[in-house]
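Asks: Sequence:
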Amino acid sequence: MKPSRGKTPKKTPRKPQNKDPVEVYCRLRPISEDLDICVTVVNSNTIQLKPPENSIAVKNGNYKETQHTFKFVFPELISQKALFDHVALPLVDDLIHGKNALLFMYGITSSGKTHTMQGTPGDGGILPRCLDVLFNSLGDLQARKYVFKPDRANGFDVQTEADAMMDRQKKELLAPPPTPKSTPKTPRRRPPQNDIATMVRVPDTNRIGSVDEDNNYSVFVSYIEIYNNYIYDLLEDTQSDGINQKQWQTPKSREDLNAIPLQSKTLREDSNHNMYVANCTEIETKNTEEAYGIFMKGQRRRKVAHTQLNTESSRSHSVFNIRLVQAPLDPVGEEVLQDKDQVCVAQLSLVDLAGSERTGRTQNSGDRLREAGNINASLMTLRTCIEVLRENQMNNFNKIVPYRDSKVTHIFKNYFDGEGKVRMVVCVNPQSADYDETTHVMRFAEVTQEVQVARPTAVKFDIGLTPGRRRANLIYKKMLEDGAELEDLPMETPVIINLGPAFPCLEINDPNEDTTLQNLIAFLAERERRRHTLQEELTRKQGAFRAHLMEMEREMETLKQQNDELNMKLSSKDKNVQRFEKRIKTLEQENGMLQRTHTAYEYSKRELETELIEEKTKIKKQKHEQERLRQALKGVAGSEKMKWEKECEKRVRATQMEMQTKIWVKDEKLRQLKQIVCARQEREDKARKAKADLNRTRSPPPKMTQPPVKLRHRRSRSTSNAWIDHKPATTLDTETVLQPAGLKKKHTVAVPTVKDLKGTENYMLTHQEEDSKGELETKLYKAEVLQTRGGGRAVQFTDIERLKTERPASTSPKDRKRAAEEELDSGEWTDIETRCAVGYEGRPGNADPAAVHIVPSKKMKK
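Using this note's numbering, you'd call the opening residue of the sequence shown number 1 and step up by one each time.
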C-alpha cells in the first residue's frame with residue numbers, strides 16, 4: 001500500500017493583518033570611468049535617474065529627472081558578503097525555522113544578476129553563501145542519508161535507520177563500476193575552462209545559532225530552468241547517462257551537456273495547494289561542496305548564448321531550490337520520530353531571471369530573437385500579476401491574477417497567495433545606453449514594493465517530548481563507551497520519558513477563585529495529551545518491535561530453507577565432482593593415447609617434409625637445366641637468323657644493281673629516241689619558217705583584237721542605291737584586293753526578313769565554296785527586289801560575280817599526287833619493250849607524222 005504523504009505540522013494561526021511588503025533592494029554594477037552614467041546614488045535608500053541626450057525620453061521631450069526608493073541601495077563597490085548579510089542571511093534563518101522564502105534577481109541583460117547570484121571563487125555570491133551558512137548551522141544535526149525520501153508528491157517519507165542503511169547499500173551495489181585503467185596516454189592539451197567548481201573557493205563562516213538540537217535535518221537541492229516557457233530539469237539523468245557514465249561523470253564542456261536532450265516537465269498542485277514540478281530530481285546533499293558541485297553541473301546545461309550586449313547571456317530563467325526537511329527525534333533521542341505528520345519542509349528558492357532585451361540594440365535573429373520574445377513575455381506577465389495583486393490589496397478588488405499565463409508566475413503562486421518572505425534584488429547598469437530599459441525596471445520595482453505578502457510563522461514541534469533528549473542520549477552513549485556500568489550511572493540523569501513538570505499549586509484560599517482550577521485543568525489536559533503521545537509512541541514501538549521480530553522470524557525460516565537447499569545442492573555437487581573425477585581419468589588415458597599417436601604422426605611428418613625438400617631441389621635443378629638449354633637454343637636461332645638476313649641483303653643488293661643497269665639502258669634508248677624526234681621537228685619548223693618568209697607582203701599585219709562579248713544579263717542600274725547584303729554567319733573573309741564597291745547604303749544581315757526587303761530594291765547574296773583545285777571561291781549573286789501583286793516581295797537574280805585566288809603555275813594537290821603515282825607506276829612496272837612499242841611514223845599522203853603502236857609478233861613454241 002502506498003504511504004500517504006505527510007503534512008506540515010500545525011502552525012500557529014496567523015491574523016489576516018500580519019502581512020509584510022515585498023522587500024526590494026537595488027545594486028549598481030561597476031562600470032568603466034570613461035562611460036557616461038545616468039544613475040546616481042542619493043542616499044542608502046534612493047537613487048536618481050537622469051535621462052541622457054540620446055535616450056527615447058529626451059527625444060519625446062521628457063527631460064525630468066526621477067528618484068526611486070528601495071529597501072536599501074548597494075553602491076558599485078559593495079562586497080558580496082555585505083550584500084548577503086543584508087539580504088539573504090535572514091532568509092536562511094527563516095529556512096532553518098521552517099519558513100519559506102523567495103529571492104530573485106531582476107534587471108536588464110548585462111546588469112550583473114548572475115554575478116550577484118554566483119559571485120567569484122574569492123568572493124562568492126548569494127547562492128554559495130546560503131549553502132555555507134546552512135551547513136555550518138546544521139553541523140552534526142543532519143540525519144543519515146535516505147532517512148528522508150521524496151514521495152514524488154512534493155512531500156517526504158520517513159524511514160528507520162535500518163531501512164536507510166539498506167537503501168545506502170543498494171545504492172552502492174547499483175553504482176556503476178569504475179572505468180578500468182588502460183595504458184596511460186599523453187593527455188591532450190585543452191584550453192582552460194572557466195569552471196568555478198574546479199577553483200579554490202573561499203567559504204562563508206557565518207552560522208545560525210538558534211537551531212533545535214532535538215530535530216534531525218536533511219538538505220535537498222533541485223535545479224530547473226524555464227526556457228521558452230517550458231520547464232526543464234537541469235539535474236535529470238538522461239538516457240545517454242546510463243549508457244555512457246563516463247560522459248555524465250566528467251562532462252567536457254557546456255556544449256557536450258547541451259547536446260543531451262532534456263524532457264520538459266509539468267507543474268502540479270499538491271494536497272496543500274502548493275505548486276511543484278512533477279518528477280523533478282531532488283538530490284540529498286551533506287556539505288557545501290557537494291551541493292555546489294551539483295549546481296555547477298546543472299549550470300553547464302543552462303541555455304547561454306552570445307549577444308551584442310553580453311558574451312554569455314542567460315537565455316532562460318533558472319530556479320535553484322534548497323529544501324530543508326526536519327523532524328523531531330523519538331523519546332530516546334536515537335532516531336527520527338516515525339510519524340509523517342511531524343515532518344516539516346521549508347523551501348528557499350533562488351531565482352536568476354533572464355534580462356529583458358530590446359531587439360533594436362541586440363540585433364538578434366532566429367533562435368535568439370525567439371528566446372528574447374519569450375523572456376520579455378514572461379517578465380511582462382510577472383509585471384501584470386504584481387500590478388493585479390497591488391490593485392486587489394489596495395482597492396479590495398477580487399480580480400483573477402493571471403498566474404497561469406507564464407510558468408514563471410505559476411510556479412511562484414504560493415509565495416504571493418500563501419505565506420512566505422519575498423525579496424527582490426534589482427540589478428542596475430548605470431551606463432547611459434541602458435536608460436530607457438532601466439526606467440521600466442524602476443517602475444516595476446516601485447509597484448512590487450506595494451504588494452503585501454503574508455508573514456510566515458515558525459513551526460513548533462510541541463508534542464510532549466522532553467527537550468534535550470539528543471544530548472542526554474549522547475552523554476549516555478559516551479559513558480557506555482568509556483566502560484561505565486549501568487549501576488555506576490549517575491542517578492541525576494534526566495528522565496528521558498516523563499509526563500511533564502510537577503503539579504502546580506493546588507491550594508485554594510477563596511471560594512470564588514477559578515484560576516487554580518483552570519490551571520489544574522490545563523495542566524491535566526497537557527499531561528493527558530503527553531500521555532496520549534507517549535502511549536502512541538509505545539504502541540508504535542511495540543508494533544515496530546513485533547514487526548521486526550516477525551521479520552527476523554521470517555528471515556530465520558528463510559535462512560533455514562536456504563540452508564537446506566544449499567546442503568542438497570552441496571551433496572549434488574559432491575556427486576557431480578566424483579563423476580567428473582572419473583571422467584577426467586578416462587580423458588587423461590585417452591589424452592595419453594592421442595599424445596603417442598601425435599608423436600608418431602609428427603615423426604612421419606618430418607620424414608615427408610625431408611622428402612618434399614629433396615623433390616623440390618630436384619625440380620629446381622631441372623628447371624635450371626631447361627633454362628640453360630632454352631638460352632642455348634635461343635643463341636643458335638639468333639645466329640642462324642643473322643646469317644640468313646645477311647644472305648638476303650646480299651641477294652637484294654645484287655638484284656637492285658641488275659635492275660638499275662636495265663633502267664640505265666632503257667633511259668639511254670629513250671634519250672636517243674627523243675633526240676631523233678626533236679631533230680626532225682626542228683627541221684620541219686625551219687622549213688615552215690623559210691616558206692613563210694617567202695610569202696610575206698609589204699603591208700603591215702592586222703592587229704589582233706578581242707571581239708566584244710555581249711553580257712548575258714543586264715546589270716542593275718536602279719535609281720535607289722540601297723542594298724541588302726545577305727551574308728551568312730559562316731562566311732569567311734577572303735582578304736582579296738578586289739571587293740564589292742559602290743554600295744554606300746548597305747545593310748548586312750545573316751537571315752533576311754520581309755521587313756528588310758520592303759525598304760530596298762537591290763539584293764546581294766554571298767556564297768562560298770571550294771573549287772576543283774581546292775581553293776576558296778566566293779560568288780556574289782546580285783538581284784532586284786520586285787513588288788508582287790499581293791503586296792509581297794520577290795527577288796529576281798540578274799548577275800553573278802566571282803572572287804577567286806589562285807597560286808601562279810601551280811597545280812592542285814590532287815593532280816600532283818595523281819601524276820606522281822602514274823610516274824611511279826610507269827617507272828616500276830613497265831619494261832623497255834612495252835615503253836618502246838609506241839613510235840612516230842611518217843606515211844605517204846600524210847602531212848605530219850603520227851604516233852603508231854607496234855605490237856611485236858609472238859613466236860610459236862615448237
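For the record, the hints were derived by calculation from the structure and aren't laboratory data. Some hints could be false.
[What the hints assert, rightly or not] With a straight-line cut-off of 30 Å between C-alpha atoms, the simulated DSSO-like cross-links for lysine-lysine are:
| id | residue 1 | residue 2 |
| --- | --- | --- |
| 1 | K170 | K340 |
| 2 | K171 | K265 |
| 3 | K634 | K145 |
| 4 | K744 | K773 |
| 5 | K650 | K674 |
| 6 | K81 | K64 |
| 7 | K149 | K297 |
| 8 | K19 | K643 |
| 9 | K804 | K744 |
| 10 | K621 | K634 |
| 11 | K19 | K149 |
| 12 | K605 | K582 |
| 13 | K170 | K19 |
| 14 | K573 | K560 |
In this text the structure is predicted, and so the values were computed from the model without any measurement.
Asks: Among the hints numbered above, which are violated by the structure, and what are their numbers in rising order?
Replies: 3, 4, 5, 6, 8, 11, 12, 13
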